[in-house]
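Peer 1: Below are the chains, spelled out letter by letter.
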Amino acid sequence: MKKLSQLTLPSQLMSYGFLDPSAKRELRRKLLKAIAIPGCQIPYASREVPMARGWGTGGLQVTLTLLNSSSVVKVIDQGADDGVNAASIRRFLAKVSGARETTDTCKATIIQSRHRVPEEIMREDQILVLQVPEPEPLRPVEHHISAARQMHADANYARLWLILYEQMVRTGRIMQATEYPSLVNGRYVMSPSPIPRWDVPKLHMARHLTLLSAGREKRLYAVPPFTRVEPLAFSDVPYRVEDHAHLTCSRSGLKGFFMNEIPKDDGGSHFELSDSGFCEKTLRRAAGEDVSIGATWYRNGVMS
Amino acid sequence: MSYVAARGGEQAIEQSERLYRERLGTIDATRVDAIARSLPWLVDRIMGEASLYAPRLAALALAQSGGDLYEAVLLLRAWRTTQPRLAVAEPLRQDKLFTHRRISAAFKDIPGGQILGPTLDYSHRILRTDILDGAGLEPEPVEMSPEPAPPHQPSLASWQKAQGLVVDFERQDVPKQDIPDLTREPLLFPAGRAHRLQSLARADTGGLMALGYAVMRGYGPSHPTVNELRLVEADVEISHPRGTVFSAGRVRVSQAEVASKAGAETIDLGFCATLGWNEVKIIAGGTLDLNEPHATKGSPFEEEFFLSHTEPVEGAGFCQHFKLPHYVTFQSTLDAMRDARRKQAEMASQAAAEEPAE
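Listed in order, the protein sequences are those of chains P and S. Residue numbers for the first sequence follow our numbering, beginning at 5 and rising by one. Residue numbers for the second sequence follow our numbering, beginning at 11 and rising by one.
Among the hints, erroneous ones may be present.
Below, computed lysine-lysine pairings styled on BS3-like, alpha-carbon distance capped at 27 Å [stated by the list, open to error]: (1) P:Lys7 x P:Lys111; (2) S:Lys307 x S:Lys186; (3) P:Lys7 x S:Lys186; (4) S:Lys271 x S:Lys307; (5) P:Lys99 x P:Lys6; (6) S:Lys118 x S:Lys186; (7) S:Lys353 x P:Lys6; (8) S:Lys333 x S:Lys271; (9) S:Lys118 x S:Lys271; (10) P:Lys99 x P:Lys111; (11) S:Lys106 x P:Lys28; (12) S:Lys307 x S:Lys171; (13) S:Lys353 x P:Lys268; (14) P:Lys111 x P:Lys6; (15) S:Lys271 x P:Lys268; (16) S:Lys171 x S:Lys186; (17) S:Lys118 x S:Lys106; (18) S:Lys106 x P:Lys99; (19) P:Lys259 x S:Lys353.
By construction, these hints were calculated from the structure, which means they are not laboratory data. These numbers come from a predicted model, not from an experiment.
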């Protein structure tokens with residue numbers, strides 16, 4: 005007769021990387037499926053994590069599944085490494101996995117981000133995990149998840165084109181600011197998460213893998229390396245990124261990147277680089293430190 | 011520079027948590043036990059919403075969150091999801107439930123009898139301010155009935171089925187490992203019956219009440235009658251690897267069956283059950299279940315609407331997330347708005363220039 009101790013594994017108070025093996029196994033399978041069908045939303049169980057829904061629980065689950073002790077992790081919120089929620093997520097990731105923390109895009113192996121793609125070009129050996137509040141690009145035109153799934157299956161995106169056209173007729177331009185619907189690999193329209201329009205071209209034919217995960221809505225999808233990501237645009241009305249090319253960062257003096265506008269007391273504004281890690285490296289280099297700065301996607305304010 | 015800022019951020023997080031905890035004071039096992047003893051209905055409510063039957067852990071979650079129910083439910087759910095699923099219990103059968111309370115509004119009396127059990131339904135809700143002046147509220151001892159109510163009761167629906175009043179659907183024997191489990195699978199629509207009932211079982215009490223109440227007020231076609239409502243203790247029966255079935259303990263369960271009078275020949279039944287004793291939740295949930303087949307597309311009484319929007323962890327979390335900075339999105343919107351204004355102004359000045367002189 006077997007003893008009880010032979011039938012059971014030694015008790016572990018917490019699994020490595022917090023999530024238990026069954027959750028990780030499901031996520032890995034769904035991630036592979038998402039990579040195999042670029043842009044297609046794959047439902048997953050989306051377990052509860054020790055953070056409130058809507059605070060990056062989808063990104064967190066993906067990152068926790070991919071992390072190992074040799075990983076170097078960077079977490080940004082609205083472009084900043086020092087946002088309170090980014091700091092809290094980064095601390096949690098490092099604590100449960102033993103991964104090293106960084107604010108340097110070039111040094112990270114995995115970058116979890118809320119609503120920005122870093123300005124420095126990401127490499128083949130890096131993964132970008134985007135937090136997604138609303139994975140369904142069709143939600144503005146179709147509230148029912150079940151009906152939207154059917155529309156994706158039929159590649160029926162007519163109503164999306166229609167709302168973009170209506171915006172143009174009403175205001176003279178396409179008003180969609182962030183979450184700009186984009187066609188992936190010529191097949192599925194995805195929401196690239198609320199990244200600014202500035203960042204969407206960075207996903208097109210990128211060297212890195214992008215994983216997008218919505219914890220609350222229980223959907224994940226992927227843009228594999230070297231995959232087409234084309235924002236929906238009309239042939240005679242080209243896609244336009246934010247008009248930030250001429251703005252200058254008041255801290256670093258850099259020009260031609262996505263900026264945060266800071267209102268001033270005198271009624272005007274000044275601008276700061278939204279990518280805080282990039283800004284910090286520029287400042288350190290200016291102060292004489294030997295800092296390596298990667299090539300950027302935009303050069304002189306133009307996507308290269 | 012940014013390092014300082016990062017540390018500053020972490021310090022701010024640390025200190026704001028301290029401010030919160032300062033208000034709660036020292037939390038120890040004594041406080042947890044006092045909560046478990048004095049607030050059994052609240053403990054039951056959050057055990058249902060957490061879908062975790064663990065009264066002491068639920069009391070701990072309440073202590074730790076200072077009674078913020080959404081926080082408490084999240085604490086329990088986040089703990090629960092890391093636990094292994096060791097076994098699947100035997101299905102519960104109505105006539106094997108240890109029944110504390112069981113009533114039907116559909117008949118004056120029912121086979122097995124109406125059993126009031128513990129309830130405040132017929133009490134006068136008078137706030138006992140004298141307690142604040144030092145009086146004690148010692149519960150009066152319950153007088154034993156000479157004839158104790160039978161612990162097990164038949165289900166009213168089985169009588170109705172025998173009469174041909176309720177359709178007797180064929181019982182589906184699903185292998186235990188194949189029973190869908192919402193805690194490990196995403197909810198898709200249309201949801202399977204199992205997923206719908208599981209989702210109702212862990213739904214937010216207040217959310218279900220609001221939507222269920224709206225249906226009852228006439229926004230849905232079927233006015234509910236409580237066919238049978240039960241508060242029970244159920245044995246969690248587990249099969250030992252050698253084949254013996256044994257009870258691993260008892261859990262409090264509530265279940266409601268609500269009937270519609272709308273059917274022409276048979277009575278339609280809606281059903282809702284949850285862990286813990288929580289009557290409002292199951293009556294509202296049963297009413298939503300009952301009305302769902304007749305819900306018009308796009309109404310709040312469609313399963314997709316009410317299940318999606320009564321998820322306490324998801325709903326509360328999303329409400330909270332709007333406190334996070336959204337300045338990148340805002341910046342992007344401003345850019346489009348300013349450009350649109352510029353365009354409108356250009357068009358207006360162009361139109362003015364083209365206006366022929368009088």
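Peer 1: It remains to establish, for every hint, whether it holds in the given structure.
Peer 2: Results for each hint:
no. : hint                : result
1   : P:Lys7 x P:Lys111   : violated (49 Å)
2   : S:Lys307 x S:Lys186 : violated (34 Å)
3   : P:Lys7 x S:Lys186   : holds (25 Å)
4   : S:Lys271 x S:Lys307 : holds (23 Å)
5   : P:Lys99 x P:Lys6    : violated (37 Å)
6   : S:Lys118 x S:Lys186 : violated (38 Å)
7   : S:Lys353 x P:Lys6   : violated (80 Å)
8   : S:Lys333 x S:Lys271 : violated (46 Å)
9   : S:Lys118 x S:Lys271 : holds (17 Å)
10  : P:Lys99 x P:Lys111  : holds (19 Å)
11  : S:Lys106 x P:Lys28  : violated (38 Å)
12  : S:Lys307 x S:Lys171 : violated (31 Å)
13  : S:Lys353 x P:Lys268 : holds (26 Å)
14  : P:Lys111 x P:Lys6   : violated (50 Å)
15  : S:Lys271 x P:Lys268 : violated (66 Å)
16  : S:Lys171 x S:Lys186 : holds (26 Å)
17  : S:Lys118 x S:Lys106 : holds (24 Å)
18  : S:Lys106 x P:Lys99  : violated (48 Å)
19  : P:Lys259 x S:Lys353 : holds (25 Å)
In terms of the numbered hints stated before, the structure departs from hints 1, 2, 5, 6, 7, 8, 11, 12, 14, 15, 18, listed from lowest to highest.
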